[in-house]
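Engineer: Each chain, written out:
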Amino acid sequence: MTEIEVRSLRKRFGNIEALKGVDFEVKSGEIFAFLGPNGAGKTTTINILTGLILKYEGEIFYRGEPFSPHNLKFKKLIGVVPQHNNVDRDLSVEANLKVHGYLHGIFGRRLKEAIDRVLEFTGLTNHKKRKADHLSGGMKRRLVIARALMHNPGILFLDEPTVGLDPAVRRSMWDLIRSVNSLKGCTVFLTTHYIEEAEILADTVVIIDSGRVVACGKPDELKRRVGRYALEIYYQDRIEEEFFETREEALERLKSLDVPAKIREVNLEDVFLKITGRRIEV
Amino acid sequence: MKGVWAVFYREVMFLKPRFLKVMLSSIIYPALFLLAFGYGLGKNARVGNLDYVVFLIPGLITMSSMNQAYGISLEVHISRYYFKIFEEYLLAPINRWEIVVGELLYGIFKGLIPAFFITLYALISGIGIRLNLVFAICLLLHLICFSLIGYVIAMLVKSHADQAAFSSFVMVPMIFLSDTFYPIEKMPALAKYIGYLFPLTYSTKLIRGALLGIDSMVTFRNFALLFTITFALFVIAIWVTQRAEVV
Ligand SMILES: Nc1ncnc2c1ncn2[C@@H]1O[C@H](COP(=O)(O)OP(=O)(O)OP(=O)(O)O)[C@@H](O)[C@H]1O
Ligand SMILES: [Mg+2]
Chain A
1 MTEIEVRSLR KRFGNIEALK GVDFEVKSGE IFAFLGPNGA GKTTTINILT
51 GLILKYEGEI FYRGEPFSPH NLKFKKLIGV VPQHNNVDRD LSVEANLKVH
101 GYLHGIFGRR LKEAIDRVLE FTGLTNHKKR KADHLSGGMK RRLVIARALM
151 HNPGILFLDE PTVGLDPAVR RSMWDLIRSV NSLKGCTVFL TTHYIEEAEI
201 LADTVVIIDS GRVVACGKPD ELKRRVGRYA LEIYYQDRIE EEFFETREEA
251 LERLKSLDVP AKIREVNLED VFLKITGRRI EV
Chain B
1 MKGVWAVFYR EVMFLKPRFL KVMLSSIIYP ALFLLAFGYG LGKNARVGNL
51 DYVVFLIPGL ITMSSMNQAY GISLEVHISR YYFKIFEEYL LAPINRWEIV
101 VGELLYGIFK GLIPAFFITL YALISGIGIR LNLVFAICLL LHLICFSLIG
151 YVIAMLVKSH ADQAAFSSFV MVPMIFLSDT FYPIEKMPAL AKYIGYLFPL
201 TYSTKLIRGA LLGIDSMVTF RNFALLFTIT FALFVIAIWV TQRAEVV
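Protein chains in written order, with my numbering: chain A, 1 to 282; chain B, 1 to 247.
Be careful, since some hints might not be right.
[To be verified] Here are some, though not all, of the chain B residues that point toward chain A, as calculated from beta-carbon distances under 8 Å:
hint, residue
1, 2
2, 3
3, 5
4, 6
5, 9
6, 17
7, 83
8, 84
9, 87
10, 90
11, 92
12, 93
13, 94
14, 240
15, 243
None of these hints come from the bench; they were simulated from the model. We put the CB at the ideal spot given by N, CA and C, even for glycine.
This is chain A alone, in the form it adopts within the complex (with noise of 0.2 Å):
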């Protein structure tokens, strides 16, 4: 089943065209991202389907219906966490999971249960009277995501949701992307720019450059289409990369070069870098 459908989706700020015609079908169920650089426009879209951004063109539609910003029907379908942790920072980690309940209409013991449920699903049961400004970074972004799932959302929007994390806690911030896919069934929506993301989550990747989608497909799919292996060419003033079927046929260029080289598997990077000529991660 389909879960969104967007077609011809456009978007412009003034003189900047951030979207230039998009298309694009999110599965029911699947982890879908949305990868690209700086500027793609990655936010400009999550923030038109989730009705954040009234004026646009195209269409859209989820589960088939024709998408209308106003209609609450789609809030309540919909879980977001935005880009930025916006946590309030002077209540308590459980004030803030009060007002997005109170929001969404959940009072009561049905709200303590909630606010339980999503603590414990997050890990921050024990965090639950601290004031929010008191969290670290990591901590911040799981309430917001904690705060996102109190409605049992049946997509979750995720914009670029483990950006400026460290490593460790990059890593369980996945793990818990995974479970809210898979034990809430919860369809989920992701941007990055992290290539590494993209390939150990998602079901479907979209490269998105300048507003435009560049590849679609299965993260395996879209590198089959480059080859298997990269060599990658240190010459003095600039890396280079060749793509290659077999180890084979990479190992035998290597050996014809005499400048410094690594064979290495193909990864998306290499899929943007080909067909944009650019890299992502700068």
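Please arrange chain B with the ligands on chain A, whose structure you already have, making use of the hints.
Structural biologist: Chain B with the ligands only, in chain A's frame:
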């Protein structure tokens, strides 16, 4: 209605740790005015057949409660542009008018703080004011009016600087030109005309009239003007909120 409660609850929780500070600062300001103008400068002065202090007290109530109600402007602005909590409201399955009404209730709540203490002072110190339904209704309308101004400004201006400019060019002149400290009828012509543009003029007349039992101030015209301005502000507030996007 759940949205109204959620927004109000959030704002009150935000206020909670600052409550004492807000309360004190909202009382100190009118107290200083009372000392300087009421008991200092205006000691033996009279306005019409009223002691100046008696004339002043209702003006202090409207002035300080206006400041507090309008003060939600800064909080809404910060939650929209800096903490981005406002996004939570925009994402929630609530009608946009519920956000307006929630913030409005918060403005009323804040405005009632100084109004309560000044009224209490007036009652204790024997300045013959009478509490009645007309006073309650007019005070409520007054607080709604200024909460809405604060809210609309917060939603429309893009920066702190613009907000400060609005304060200096509109709110501060309003405090002085609106019959609060000095009867508007005795102002120079230009000041008088400007004063009659401000809703504070009408709410002060209504509230003074109600508290002091001066029927000539509690006119249908004054009430209708205040009501019309407030209603127009409410429509504008709904309109901007309906169109509000992420910032
Ligand atoms: N409110 C706005 N006004 C003007 N331009 C904007 C606005 N929002 C986004 N843009 C522009 O639109 C383009 C896409 O921005 P967007 O935030 O969607 O990118 P992104 O992929 O999320 O990037 P990042 O990885 O930096 O978050 C950028 O060129 C950005 O400068
Ligand atoms: Mg972004």
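Engineer: Now, for every hint given, state plainly whether the structure supports it.
Structural biologist: Evaluation of the provided hints:
Of the supplied interface hints, the one on residue 2/B holds, with its beta-carbon coming within about 5 Å of a beta-carbon of chain A, less than 8 Å. Restraint check, residue 3/B versus chain A: the minimum CB separation of about 6 Å is within 8 Å; hint holds. At a threshold of 8 Å, the smallest CB-CB gap from residue 5/B to chain A is about 6 Å, leaving the interface hint in force. A hinted interface residue such as residue 6/B counts as satisfied when its beta carbon comes closer than 8 Å to some beta carbon of chain A; here the least separation is about 4 Å, so the hint holds.
Interface restraint check: residue 9/B against chain A, minimum CB-CB distance 6 Å, threshold 8 Å, status holds. A distance limit of 8 Å between C-beta atoms decides the matter here; for residue 17/B the minimum to chain A is near 6 Å, and the interface restraint holds. With its C-beta approaching chain A no nearer than about 6 Å, residue 83/B sits inside the 8 Å limit, and its interface hint holds. Contact between residue 84/B and chain A, as hinted, is supported at the beta carbon level, the nearest pair being about 4 Å apart and thus within 8 Å.
Given hint, residue 87/B at the interface with chain A, holds; its Cβ is 6 Å from that chain's nearest Cβ, closer than 8 Å. Interface restraint check for residue 90/B: the shortest CB-CB distance to chain A comes to about 6 Å, inside 8 Å, so the restraint holds. The interface hint given for residue 92/B is met, as the beta carbon of that residue sits about 4 Å from the closest beta carbon of chain A, less than 8 Å. Because the smallest distance between the Cβ of residue 93/B and any Cβ of chain A comes to about 4 Å, under 8 Å, the interface hint for this residue holds.
For residue 94/B, the interface hint holds, the least distance from its beta-carbon to any beta-carbon of chain A being 6 Å, beneath 8 Å. Evaluation of the residue 240/B hint against chain A yields a violated restraint, the C-beta minimum of about 12 Å exceeding 8 Å. For residue 243/B, the suggested interface contact is upheld, since its CB lies about 7 Å from the closest CB of chain A, less than 8 Å.
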